[in-house]
Amino acid sequence: MSQYLRGSLRADAIAGLTVAVMGVPQAMAYAWIAGLPPVYGIYTAIVTCAVAAILGSSRHLVTGPTNGLCMVLSSLAINLKLTHPDIEPLEAILLLSLMSGCIQLGFGLLRLGAVVRYVANSVVIGFTAGAGILIASKQLPNVLDIDTGDARRAYEVLFATFQNLGSTNKNALIIGSLTALLVLLPKMHKRLARLPGALIGVAVAGGMSYWLGWHEIVGPGKVDIVLDIEDGIVGSLDIFHVPELVKNPNFGLTQDLFAGAFAVSLLSLIEATSISRIVARSSRQKIDFNREFVGQGVSKIVGSFFLCFAGSGSFTRTAVNFKSGGKTRMAAVFSAIWTALTLLVFAPVANYIPQAALAGMIIVIAYSMVDLQRIKLSWQSGKNSRIVLVGTMVAALTLPLEWAIYIGVMLSLVVILRATGKTDLTQLVALPDGDYDEVPLQRAAPTPVVTINMSGDIYFAAAEDLDSQLLQALTPKTRVVVLRMKRLRAAGSTAMAMLEHFWVLLREREIYLVVCGVERDLGALMTSTGLLRKIGEENIFYADNKLFQSTRLAMARATAVYERYERAHGQGVGGLNSDANSPVLVTGRGLMTTRFPLFGCDHQTREAAWLLTETQKFKRSINPEPLFLQDRNGALFGELSRWHVLEALIAGSDPSEDDGLDDREVAELLRRNFTRRINDVARTDVVHHLPDTPITTLLRASTDNDQAVVPICDGDGRLKGYCMSHAMLAGLQDSLTQLEDAEAQANEAATVDDPLADEQGGRQDG
Amino acid sequence: MADGICARDLMRTDFLRVRVDQNLGDALAALQGRQGEPGMPSALMVVDEGGQYQGMLTARLLIRLLAGGHEEEDRIDDMMLLTVARDRLAIAIGDVLVADIPVVGPADRLLTMIRRGAAMRLDFLPVVENGSPLGFAPITAIFQAAAGMALKPEDEGVRFDQ
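Top line first, the protein sequences correspond to chains A and B. Counting from 1, one number per residue, gives the positions in the first sequence under this note's numbering. Counting from 767, one number per residue, gives the positions in the second sequence under this note's numbering.
Among the clues, some could well be false.
Claimed, not checked - Okay, derived cross-link-like pairs now, DSS-like style, lysine-lysine, Cα gap no bigger than 30 Å in a straight line:
{"#": "1", "chain 1": "B", "residue 1": "K918", "chain 2": "A", "residue 2": "K323"}
{"#": "2", "chain 1": "A", "residue 1": "K170", "chain 2": "A", "residue 2": "K247"}
{"#": "3", "chain 1": "A", "residue 1": "K617", "chain 2": "B", "residue 2": "K918"}
{"#": "4", "chain 1": "A", "residue 1": "K323", "chain 2": "A", "residue 2": "K187"}
Worth flagging that the hints you see were computed from the coordinates, not collected in a lab.
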């Protein structure tokens with residue numbers, strides 16, 4: 001506490017005063033936009049501001065009346081007057097504030113803070129711009145002091161204004177224009193930016209009107225002042241008031257108000273969170289949105305018992321608070337205190353503010369709401385952004401304003417779904433060096449094995465029609481499809497149904513399915529839905545941290561399946577899915593690592609030592625990778641392991657002297673053989689094999705010749721890759737699993753009538 | 767003798783243990799379960815029921831135990847090799863443990879590690895103290911340490927004009 005008093009109290013008090021000076025005229029004007037006497041705006045700027053600051057999370061957010069929300073309240077009040085003419089608008093608005101506060105509190109307590117993230121920025125921009133145009137068009141007759149009769153909708157008001165232009169009150173026009181000009185003053189020059197334009201505007205215009213006695217004129221030329229509005233402004237804070245509709249509930253009205261209350265809560269949350277997020281970026285504060293929701297909700301609930309209408313985070317007042325050096329949430333509380341003091345002290349003066357001055361000020365605010373720069377940015381951000389922007393703005397101008405929020409939110413959700421509800425399909429084409437090319441789905445040359453890479457989302461919206469898209473990759477040559485499903489998100493039952501349907505479609509075409517890159521969650525889903533059993537466990541390859549490892553295994557499986565098909569086809573028996581009772585052995589192609597350093601065989605051990613050290617520096621793996629040597633023709637010469645190099649380095653030294661050596665002497669010992677040629681050191685009797693060598697042969701090479709790695713070469717003896725022990729062990733494990741499956745199937749086949757029951761189909765029938 | 771790099775400095779203490787009474791299938795599952803974790807040694811420490819060091823298993827040794835040992839003259843076919851390998855999964859690790867795996871103590875120095883490790887050229891050297899396994903010294907770390915000591919700035923690079 002004492003730390004606060006020393007460090008932040010003064011800064012918060014000054015920032016609060018600055019906010020209050022700027023905010024009081026704004027609050028009065030916004031209340032007027034909502035169709036309420038200006039004093040209610042001041043009440044809202046006091047109570048909701050203080051409560052939201054105390055309970056909220058942002059250090060700088062200033063809550064209170066906002067232009068957009070007030071316009072929605074005005075729209076709701078107008079509609080309410082048509083459906084419930086007997087209800088006092090103030091009471092309805094208080095009930096509405098209470099309801100929207102409860103909704104927001106519920107959002108906060110249920111920790112739904114993240115929901116707001118799904119509302120596009122274009123909604124706020126479009127809505128604000130639309131509301132700005134509406135506000136300006138409705139304030140125009142107030143500046144001109146023209147009576148628009150029963151006109152309520154913006155276009156009706158505009159039409160009536162232009163019809164009655166002849167009855168313009170020139171004095172009101174002067175006051176309104178002067179105020180607008182003075183409000184604009186700080187925006188005209190950087191040096192004037194810190195001036196409270198709104199306060200100066202209403203003070204000067206009000207002073208001029210008072211000095212000229214325009215407010216006292218009887219008949220044409222009279223400038224209406226705040227005092228002429230019912231009640232005027234009373235310098236009192238005796239404002240506790242239980243809303244009539246709480247004391248005497250009207251369930252029909254409450255029901256009618258619910259959609260509006262929800263829209264108000266949503267808009268208020270969007271405003272408050274987006275403003276606090278923007279300021280937090282500068283202040284480096286982490287915002288707890290759920291706590292912010294609670295703060296906003298409770299401030300409305302409490303406020304509705306103190307004659308406050310629904311407020312939200314004000315961008316301008318929040319920015320002023322931050323720029324004025326506000327350090328803690330107490331700055332907003334101070335702003336409420338200063339506003340309350342202003343009300344108590346200056347109420348008699350405030351009553352003489354001309355209504356035309358408020359209207360002039362509002363028109364400037366409305367003009368700033370149509371933020372052309374942000375509209376342009378949103379327009380240029382792509383088609384989706386444009387749809388949301390234009391949709392929301394058009395809705396704001398043509399429909400009741402609360403509907404514009406719903407439409408904007410709905411449009412942004414549709415856009416999200418459109419953007420994410422898509423599974424990207426490409427084909428992977430294996431290259432001779434073991435790498436893959438990724439090409440568009442239908443651009444690959446027809447091959448018997450088609451590898452389709454699926455990425456992105458595969459939830460219900462994305463899964464729709466995906467099976468028919470997958471079929472587009474098939475050609476008459478296709479015999480096996482490998483589906484790579486790594487990095488697929490949001491797979492659900494619809495995706496599983498789609499995959500099953502695709503599998504059925506393939507079976508009808510006598511095409512075999514192998515699936516790889518299956519993540520743990522997806523595997524569990526496939527197991528629980530029975531799809532894994534149908535496709536066959538031996539045809540599922542799980543994702544590995546090693547890039548393309550499972551794809552390679554799957555492609556090896558696919559190739560083997562295809563070769564079996566070819567053999568069977570040549571013998572004229574069965575099809576691809578028949579006679580799977582022998583395990584398909586993984587080959588070197590599926591197990592080999594294709595990235596490796598190759599080194600000439602004429603180098604020195606020093607160079608090999610340096611190269612091996614350098615290649616290891618950036619590796620996380622502590623498992624050693626070998627260095628292969630090639631001769632001058634590019635053929636494999638031998639393998640140089642780290643042990644070979646170390647043995648060469650210590651060769652000729654006396655072990656009995658080791659203990660007496662210090663580090664410098666050890667280093668010298670190791671350097672003695674640095675110039676030795678590596679072709680004398682490397683192992684040159686390594687057995688290598690072709691890429692299509694089955695795992696069993698590779699294992700024999702490893703055990704018979706005691707090789708930790710088995711090089712894989714082409715027909716000319718050029719290295720294409722190598723199989724490490726752990727890869728061969730994985731291949732052995734895979735082969736053993738297949739052996740189990742093949743034996744199980746053989747046993748099953750022996751017990752059923754049809755000995756040629758197909759492998760994948762047999763599972764389905766089972 | 768001056769203090770230098772020793773096994774304690776190079777060893778990785780995050781390793782998996784299997785007991786001698788577990789079978790080779792358990793060892794295979796444990797070893798394969800660790801694949802994809804780049805910082806983890808692909809080796810298993812074999813211990814008795816009291817947790818005392820009994821030996822080590824690496825992928826290479828496990829391949830030898832599962833698929834090796836077939837004499838040239840009684841060469842078996844692929845299916846038989848797999849069938850035999852599958853049968854061997856049930857063998858207790860203790861019954862087939864490779865003898866004479868070189869080990870080092872935590873205070874053993876670099877040259878000692880190199881000399882002992884070169885005997886079998888295994889990827890990992892078990893570090894054992896009073897019968898308790900402490901960790902594995904990977905050949906990659908041993909090599910980096912040795913090369914780091916030996917190489918001077920002027921030794922960097924490779925000449926291609928040879």
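Hint check:
no. : hint              : result
1   : B:K918 <-> A:K323 : 57 Å, violated
2   : A:K170 <-> A:K247 : 46 Å, violated
3   : A:K617 <-> B:K918 : 16 Å, holds
4   : A:K323 <-> A:K187 : 16 Å, holds
This entry does not satisfy hints 1, 2, going by the numbered hints stated previously.
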